[in-house]
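Novice: From just these sequences and the hints, can you work out the full model?
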Amino acid sequence: MKNSLPKLIGKRCLAAATSLVFVVVTVFAVTNILPGDATDALLGQNATPQTVAALRHGMGLDQPIFFRFWSWLWAAVHGEFGHSLLNGLSVADAIGPRLHNSLLLAGAAALIAVPASLFLGITSAIWKDTFYDRIVSIMTLGVVSVPEFVIATIAVYVFSVRLHLLPAIVDVGSVHSLGQFLYAFFMPVTTLALVSLAQMVRMTRAAMADTLSASYIEMALLKGIGPVRLILVHALPNALGPIVNAVALSLSSLLGGVVVIEVVFTYPGIAGLMVDAVSSRDVPMVQACALVFCVTYLILTTFADIVTILSLPRGRKA
Amino acid sequence: MIGIFGKLRSKHDRAVLLLVFWLLLALIGPLCSSYNPGAISSQPVFSGPSTAHLLGTDYLGRDTLSRLLDGIRHTVLLCFASTLLSCSIGTFMGIAAVTSKSWVEVLAGRVADGFLAIPSLLFALLVIAVFGTSTVALIMTMGVIYMSGAYRTSRALSQSVAQRDFVTMARARGEQMTYIIVQEILPNIAGPMMADIGLRFIYSVLLLSNLSFLGIGVQPPSVDLGSMVRENMLGVVYGSPAMIVPVIVIAVLTVGINVTLDSHGRKD
Amino acid sequence: MTATIQVENLDIVGRRGKGVELPIVQNVSFSVQRGDMLALIGESGSGKTTIALSLLGHIRKGCRIAGGSVRVAGYDITTLTPHECRSMRGRVVSYVAQNAGSAFNPALSIMPQVVEAASVHRILPKRDLEARAIDLFRALALPDPETIGKRYPSELSGGQLQRLMAAMALITDPEVVVFDEPTTALDVTTQIEVLAAFKAVLAERGITGVYVTHDLAVVAQIADHAVVLKDGAIREAGTVSDILFQPEDPYSQALLAAAEPSVRPTQGVEEGEALLEVRDLVVGYGRPTAMGLPENVIVNHTSFSVPKGGMLGIIGESGCGKSTLARAISGLQPWASGDIFFNGVSLAGDVTLRTPEQRRHLQFVAQNADSVLNPTKPIGKTLERVVRFYGNARGEAVTRRVYELLDMVQLSPALATRLPSELSGGQKQRVNFARALAAGPKVVLCDEITAALDTVVAAAIRTLMTDLQRDLGLAFIFITHDLHALQSICDRVAVLYAGQAVEVGSAEALGAGIHHPYTRLLRASVPLMDSSWLERTRERGLAKALPVATCDPASTPPELCCFLARCPDRVSGLCDKEPPPTLFVPQGPRVLCHLPTSTRPEFST
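Top to bottom, those sequences are chains A, V and S.
Count along the first sequence from 1, then add 1; that gives the number in my numbering.
Count along the second sequence from 1, then add 14; that gives the number in my numbering.
Count along the third sequence from 1, then add 568; that gives the number in my numbering.
Errors might be hidden in some of the hints.
List time: in silico DSBU-like cross-link candidates among lysine-lysine, alpha-carbon distance up to 35 Å [as the list claims (entries may be wrong)]:
| hint | chain 1 | residue 1 | chain 2 | residue 2 |
| --- | --- | --- | --- | --- |
| 1 | A | Lys129 | S | Lys767 |
| 2 | S | Lys718 | S | Lys798 |
| 3 | S | Lys718 | A | Lys8 |
| 4 | S | Lys694 | S | Lys629 |
| 5 | S | Lys767 | S | Lys629 |
| 6 | A | Lys129 | S | Lys798 |
| 7 | S | Lys718 | A | Lys12 |
| 8 | S | Lys694 | S | Lys718 |
To give a feel for the contact side, a few chain A residues facing chain S, derived at Cβ under 7 Å [what the hints assert, rightly or not]:
| hint | residue |
| --- | --- |
| 9 | Leu100 |
| 10 | Asn102 |
| 11 | Leu223 |
| 12 | Lys224 |
| 13 | Gly225 |
| 14 | Ile226 |
| 15 | His235 |
In short, the hints are calculated from the structure, not lab data.
Heads up, the beta-carbon is just placed ideally off N, CA and C, and yes, glycines get one too.
Specialist: Following this line, the structure appears as structure tokens:
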């Protein structure tokens, strides 16, 4: 075979490495593209050329861009992202615990969203054009069509303001037992799961429906194969690759959701930190957060792609 | 141009009509409002609907309807501008990638792939952190983000058209590249491209609303639908129209266009 | 005795999207006695597949049975519950689909798919089933019957998959088997093997069946009775010999006339000066190797020529390089070595480097009429553009010329304002011709232009070609896989195998005289409208080609004979050592083969 498995995976990893380079360069380039630089932000309008020059030298800004990129990258690889322009604290120290919180939130949401969307997507493809399918389609179309904050706000309005059932603000510090965890995390996690689920359901449904229209499915029907065997033996093995791919692509909607959910529920995560940093134009902090986010995303999509490659049926490797 | 748009299928027709409706509302709406959207009237804050203020007042006691019309204008025009930017450049690049030398396609494809590796909201945050939240910066940011998507769509569409035999025939006849693009390729991708523009418009509305809601989109004293929700968040307690109505308008805007595009666009 | 299959007054209606329900099958009745094979004959859109599927109780989405009854082996199909229907399918009635390539699940190996129906219906324990499957593989003459079940569909050829699908249908020992155009997608030299395998197994087991096809010659081999369908209704029913030899219905007569092989008498085309000459052409893909040839050679040192006003047929099976050859001649595919001369002048490999005059005089009519016309342009505009582009006319004259062109291809001028989607397949192919004629060509290159058309329509297009040849003095290159079509219009023929022109000669003489072994195989493989053809051909061993496996074609050096691996007449020590010489048969074709006539008398047919 021309394309052996290790070769395919190697190819995918190479593509991921290319993307990583692109991401790193973009993050650095965007934050260094301005005619002015951090010194303007630090010293304001009244800075004299002398003070600016002194500061620039102190920050290494008078060195060639390639050299600066290299030292920035070198430091970043060692977990050293510099200091916040706002309060001078180490960026890495600020990000550390919050990254943990964000991963917890996103992980919990994914644990709900992925199985639920697989179930909804596959079943609505199987019962295509039935009442059930229509309901699922309308609901998911509705959810993908409104911004994430709308759903989060409605949830807060209904469960916190009207029903006083759940807290509108997540206090991570007060969580000591499973009960407290559920109480604090229920709303943000389910909301995040909901907003990321819709996209996944739609893509899973499309992938499954595509497989179900193949002529070997009709052939299996004509052999008298029952519906359960038809789905499990004939459809799913072929739909698996596209479905995993669909889930991977939907991860970006999960990440987008994290940002909004963290802000709405004042959740102490990295996304909330990043939004604050953007508001105050704290560039080193934004840089670091963006890098962490993108690398996480890249790892997840690459992982999903490798699963896709592994799940390709043997007869289908091209 | 009529040749290109004359043969739109009904699904795209309806989506285009809807888009035109919103554009008109954005342009004409603010002229019809009876209050200056920034002016604080004597009414109490978060008041309910009345004859003087059809949709009540907001957290500062300003007329909600006037602000809403102003907000629609900002949201629609900003997003439309960024969609035009992303789709015109993206479409051009997509067609160029198909019709020009292969290295152009490889390079453009790599860059577009790279953009896929960065979630759109994150890229927006990064750029805004550096360039700030001016109108031009917002339009450019959203334009750049959705350009790679428009590029991919138009490249895929023109690729499939360019492989059809009528294009081969035109090339074999010795037609100029401009004739092939304008007469043979464009009319055949116009319909699906319209649908793509509609989708990208929705994406930008969603992104801009999210950004403004997070406080890093449209800045006061200007107002758009997302920032209107943000500034009136307190009104949620009173069920104030100032907070609820913009949410509904966003939903009607995006769901409406999405439904027209989705109704027949399903894979069967 | 009641018939095994009894269909009475069957009506099936269907709708496309949200449109109104239209009849697909109208008032169809037929019956099949035990052990008989009934042929459902019809062209595209005749409802033959819909009827075939209804025998298994399967109605495609958007369609429904509106009336009538279907009884198969004692089951009343229209009243079965879904569960009863499932238990009947595969066990009592089984199905062989047209395209085995897509009807096998690519994720599973062959064996579990073949025995699946029998194991879900609990007919035999698994071990016995596999033994039975291997017996069937052997009966269907499949290579390596013991191990073929472990392979995956993508690793097998179309002809093998088609036979494996027959095994899949027969594994449950069903009472009825429905064949839906099982050999249509195959090359003729493969089809004959599959047909022979089918016929042997069917006769041995006394299977009752329905055989859906459009090919009357295949009907003659396989079926006892036949039904002719048009637009969902029965036009004529009877025994196969009645329908094939004394058809009463005008439509059956037309079908038969179109299928009747006719050899056009060569109109004394003198071997004059060549208008278009292809000399030693090599076309391929990939980087050049050390020998200066491309990595994948598609067209391999091919030479032939077309005289002015001549009609050259190029025949070959799928993958023989005929489309690549057409693209090279049209200047859409650069070639590695060799020359193409037009009017004695060497043509450039890239169409943009040819002179406008050369482009105008050499026109290409492509295979797929659907994709050759811009779907957003009315056909009048398409023609207008070509007329204007070559500067043949201006102003009022352009419109006049467009009408003239439509008239030339026997279309009404009123069609000029229509979009391609509003035309039928045959009309589109005529417009396609008009587009080529608009340039004012000297040679028209036609690539499989009738392959996608129904037989009657295709015959009309071929008649149009001969008319144009006569009236305008055009020369044609007619590329096809259909020997009958070629012989009905061409005066010269080039036989292409694996990219080589193994034989070039007169089309009329194809039937007699001395020919290349591949030409003989090809000729013998085309079914004749004679129910004893299959047996006779098999007995005479004419269509017998050695299995490919006996000589690995991949290991054959490219300079040796390309047909070596399958040649029944090869001489070891000669054919597998020396490249074949070009042999000029006196008063006959030019053949690329070692065998001199003197030593091999059976070389002639």
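Novice: Please go over all the hints and tell whether each is borne out by the structure.
Specialist: Evaluated hints:
Our distance criterion of 35 Å between C-alpha atoms is broken by lysine 129 of chain A and lysine 767 of chain S, whose separation comes to about 41 Å. A hinted pair counts as satisfied when its Cα atoms are at most 35 Å apart, and lysine 718 of chain S with lysine 798 of chain S does not qualify at roughly 42 Å. Among the hinted pairs, lysine 718 of chain S with lysine 8 of chain A is consistent with the structure: their alpha-carbon atoms are about 24 Å apart, no more than 35 Å. Among the hinted pairs, lysine 694 of chain S with lysine 629 of chain S is consistent with the structure: their alpha-carbon atoms are about 34 Å apart, no more than 35 Å.
A C-alpha spacing of about 33 Å is found between lysine 767 of chain S and lysine 629 of chain S, which places the hinted pair at or below 35 Å, so the restraint holds. Simply put, lysine 129 of chain A and lysine 798 of chain S have alpha-carbon atoms about 33 Å apart, close enough for the 35 Å limit, and the pair holds. For the proposed pair lysine 718 of chain S and lysine 12 of chain A, the alpha carbon gap of about 29 Å is at most 35 Å, so the pair holds. Our distance criterion of 35 Å between C-alpha atoms is met by lysine 694 of chain S and lysine 718 of chain S, whose separation comes to about 15 Å.
Using the Cβ-Cβ criterion of 7 Å, the hint placing leucine 100 of chain A at the interface with chain S is not satisfied: the shortest such distance is roughly 39 Å. For asparagine 102 of chain A, the suggested interface contact is broken, since its CB lies about 41 Å from the closest CB of chain S, more than 7 Å. Below 7 Å, beta-carbon pairs count as interface contacts, and leucine 223 of chain A has one with chain S at about 4 Å; its hint therefore holds. Nearest Cβ of chain S to the Cβ of lysine 224 of chain A: about 4 Å, under the 7 Å cut. The hint holds.
Because the smallest distance between the Cβ of glycine 225 of chain A and any Cβ of chain S comes to about 4 Å, under 7 Å, the interface hint for this residue holds. The closest approach between the C-beta of isoleucine 226 of chain A and any C-beta of chain S is roughly 6 Å, which is under the 7 Å cut-off, so the hint is satisfied. At its closest, the beta carbon of histidine 235 of chain A sits 5 Å from a beta carbon of chain S; the interface hint therefore holds under the 7 Å criterion.
Hint compliance for this structure: hints 1, 2, 9, 10 are not met, and every other hint is.
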